[in-house]
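Chains as they are written, first to last, in our numbering: chain S, 1 to 490; chain B, 1001 to 1517.
Just to be clear, a hint being listed does not mean it is correct.
[Stated by the list, open to error] No farther apart than 25 Å at their CA atoms in a straight line, the calculated lysine to aspartate or glutamate pairs in the DMTMM-like style are these:
| id | chain 1 | residue 1 | chain 2 | residue 2 |
| --- | --- | --- | --- | --- |
| 1 | B | Lys1027 | S | Glu23 |
| 2 | B | Lys1144 | S | Asp142 |
| 3 | B | Lys1242 | B | Glu1326 |
| 4 | B | Lys1221 | B | Glu1333 |
| 5 | B | Lys1307 | B | Asp1403 |
| 6 | S | Lys27 | B | Glu1333 |
| 7 | S | Lys312 | S | Glu352 |
| 8 | B | Lys1016 | S | Asp485 |
| 9 | B | Lys1040 | S | Glu140 |
| 10 | B | Lys1049 | S | Glu352 |
| 11 | B | Lys1295 | B | Asp1260 |
Source of the hints: derived by calculation from the structure; they are not laboratory data. Model, not experiment: these values are computed from the prediction.
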Amino acid sequence: MGPESLEAKQKAAIEEVLKAYPEKAAKNRAKHLGVGGPEDESQKTCGNVRSNKKTVPGVMSQRGCAYAGSKGVVWGPVKDMVHISHGPVGCGQYSRAGRRNYYIGTTGVDTFVTMNFTSDYQEKDIVFGGDKKLDKCLHEIDELFPLNNGITVQSECPIGLIGDDINATSKMYAKKTGQTIVPVNCEGFRGVSQSLGHHLANDTIRDYVFDGNPTILGEPIEVTEYDVAIIGDYNIGGDAWSSRILLEEMGLRVVAQWSGDATIKEMVQTTKAKLNLLHCYRSMNYISRHMEKEYGIPWIEYNFFGPTQTVKSLRKIAAFFDESIQAKCEEVIAKYQPMVDAVQAKFRPRLEGKQVMLFVGGLRPRHVIGAYEDLGMEVIGTGYEFAHDDDYKRTKDEIFRSTVIYDDVNEYELEAFVKKLQPDLVASGIKEKYVFQKMGLPYRQMHSWDYSGPYHGYDGFAIFAADMDLAINSPVWGHSKAPWDKEGEA
Amino acid sequence: MQDVNNIVNGKDLFRKPEYKAVLENKKQFEGGMGAINPAKTEEIAEWTKGWDYREKNLAREAITINPAKACQPLGAVMVALGFENTMPYVHGSHGCVAYFRSYFTRHFKEPTPCVSDSMTEDAAVFGGLTNMKDGLKNCAALYKPEMIAVSTTCMAEVIGDDLYAFAIAAKEEDAGEFLAADFPITYAHTPSFTGSHITGYDNMMHGIMSQLTEGNKKEEKNGKINIIPGFETYIGSMRSVKAIVESFGAEYTMLGDHSDQWDMPAGDYSMFAGGTPIADAKDCINADATITLQKYSTVKTMKMVNKKWKHAGGFSNPIGLKGTDEFVMKLAELTGKDVPQKLKTERGRLVDAMQDSYPYMHGKKFAIWGDPDFLIGMVSFLLEMGAEPTHVLCNNPARGWEDEMRALLDTSPAAAAADCHVWAGKDLWHMRSLLFTEPVDFMIGNSYGKELMRDTDVPLIYIGFPIFDRHHLHRYSISGYDGALNLLTWITNKVLDQLDEDTKGIASTDYFFDLIR
Ligand code: SF4
Ligand code: SF4
């Protein structure tokens, strides 16, 4: 590591970054940047950073909005419902099918996830209000898509500003038709990021799925002692499926997935589950807490990234059940261990000691650290787009070494940190991908798994390992330097 | 379980027997019709393919399904990135900006810088002045642009923020620390509830051209030709156009030239690359002529140029043979020079190629969608090849487009013309019904055609914007003679691929699986 310690380098990098800002912005950003130490008990949050605050204007933040949190994350993947992007055409178009929420169904007939339904507001709707238009949208959807099991109305920015009453319109229509209509006031200007959208969406699940009276096709399922629900897994690239298989193998029954590949029926029957398994704490802790309070269903957080965390999580889940489950859990662990060993034997030597900097949404910045470390890779920086204090507290337990922590990092800062700390891999979103690739740095998208995945569970770990190897050891990075370039030049 | 010697991702993983069982087993918990009663799903799926459904579908008045258009600020961001060291700045909520950036980045596979001033609930109540003051200052301090081009999201438009006044107030407060008095802050209001991304393009281009030229009009013309590319997503097209203009030896300014910004070489990263120099943009009012390559994307801009600036030039759409001919003739007229030999040869080669390949495109039926000017150019090329553009769909038609397209289609041989339909203001769920009820041989469009391809089995030729799932097409040209040759190559070879697909049946149809075509 040379004479300068990693921690000193990280601290210096933060100091340098802050110098570029005008005073007011520097003061603000200083509170969101820090260096976290794994043993540092004095820190309240990892790196003592502050979070879930307004973004500094003008800085190229990576954050999205409440609409993205509700339509894009929580509601959008519910496959047998139609989700209207309510307002002008843009938001729905940009977010169409971008998240890779895998599902099985006949799209446009009984499932609708990758489609874009929008009320496409025009000037007259803004001026005179669009409640009538919304009512008509609902009618038309029911006529053309008779197999939809409900419709959600996802408000875009203008809706709340022009005084439209989507709640009244939805209620009236629902009453007339008996349909499940869920209005969500997730206008993009509410809150500071996607996060409030998660919360608002969770609340509407409570109000319209649990406390409402949704029509449910088919027979209700019979309850068993081993019913669990997967909460906060959006089935990106099939993540929930490669998680589900492990739970089933250990004798549990997964009665619902929230909300990747979900149907509204699964959500309804979750209220009878024995245990809720929460993967993305940030986006679905609200509904988990509600089910605990209202239906007495306990919830536990788990982490299916990388074998170390997967094993820990499997045991933690099994401990909640009887010995037969615990025994099967050990069998599952034993069954996959040779594969994990083989994956590590193959890839660890190729990845050992490679340093990584992460920046993702609300969960993965801490959850995937273990998976990298399982491959011998070292995470030296991480941060969240839209986490809260409780996430940064949890992060303290996941880091292995001095780690620079950046909340709501912007393009300028991330670039500066990378230049200063020189990681071997940057893992973040699409917007930053080509910035770092142009610098010749291997990069993986960690929202979409870069069109690969799944990464959850044992099978997912093998893919994760192969993908990281592909990124770091590809011959393409060696081509940036031309034969006529002199030493020391790019 | 994964085999370490053959690790597979989701494509093959979920086809393994253990996962097939998982997915099958999940159905018992599901409430979708596919799990409850697959026959019913089948029945409805069939119904969606018929005329009854089509009529109901076409009668829609309120809901748009699978649109083929985007919103205004997207176009404004494109314009800004076409000027040297210019930061696109969107006044409003940052969620939109995250979307604009990912949308362009997914298409170009290039970074797309753009900032927002992150307005939130309090700004909705009190207005976004504070956000703008801080935002402009921070943006200038961090990224050191030469110009900031401000557009707006819906939110700022609904609350009615005044950009002009805000920009002045921001400079006053900053008192020259980061924003010098003469620092150009150009702006345009881009409300997303009117028009589409091309309207936003027009508004921002108009804003930049009118604001930068203020007080710069001189007695003398500068002898240059301005070229406005429009919402151009083919980097190669911009280069083709420039090459044509250069071959006349003409002095020109391409206004809004983002060809280097979205095509940066590897090896180093700088936030901005290329673009129209600000000094040239300031002088564009003194040009002899202005040519726009996309009439419908520059309505307001060209009104200013024609009526106020009284520039010669006007409109020319260099897609296809005839379109390129017209562009070349226009340049010959404006420069007073003969058409250079280089172009004559290029044209000859294109025509030669068209005459080589015509049997495969002749009489083939096409469905196509996209922006208005793109469609005019593409349809005229299809007609030049003897193809039949059966369904021409434009979700964001500007005034006059429908009539122009109709007239263009009517120039095709009489029998075919009646079977060619113009669908103005329709979306891609309409297109689905059209494809089922009046089928075509091929579709031409963007990545949103992928689901249509899956549902209807009509092969998709990827030409348009956005294209997320095919690589590097945007690097090529679809304009000029060389661009037309690319179009010809892509379309002909897709026809040939399909011919092979259709005839490869062993011992049944492969007599027609010819080696030579
Ligand atoms: S809120 Fe408006 S400006 Fe923003 S993406 Fe949506 S339509 Fe476009
Ligand atoms: S894992 Fe991250 S990106 Fe995914 S839903 Fe959770 S917070 Fe959002």
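So, going through the hints one by one against the coordinates:
1. B:Lys1027 with S:Glu23: With a Cα-Cα distance of about 57 Å, the restraint between Lys1027 (chain B) and Glu23 (chain S) is violated, given a limit of 25 Å.
2. B:Lys1144 with S:Asp142: The hint is violated at about 52 Å.
3. B:Lys1242 with B:Glu1326: Cα-Cα ~15 Å, so holds.
4. B:Lys1221 with B:Glu1333: holds (17 Å)
5. B:Lys1307 with B:Asp1403: With a Cα-Cα distance of about 24 Å, the restraint between Lys1307 (chain B) and Asp1403 (chain B) holds, given a limit of 25 Å.
6. S:Lys27 with B:Glu1333: violated (60 Å)
7. S:Lys312 with S:Glu352: holds (23 Å)
8. B:Lys1016 with S:Asp485: Status violated; Cα separation ~49 Å.
9. B:Lys1040 with S:Glu140: holds (20 Å)
10. B:Lys1049 with S:Glu352: violated (55 Å)
11. B:Lys1295 with B:Asp1260: Judged against 25 Å, a Cα distance of about 23 Å means the pair holds.
Taken one by one, the earlier hints fail for this structure at numbers 1, 2, 6, 8, 10, listed in ascending order.
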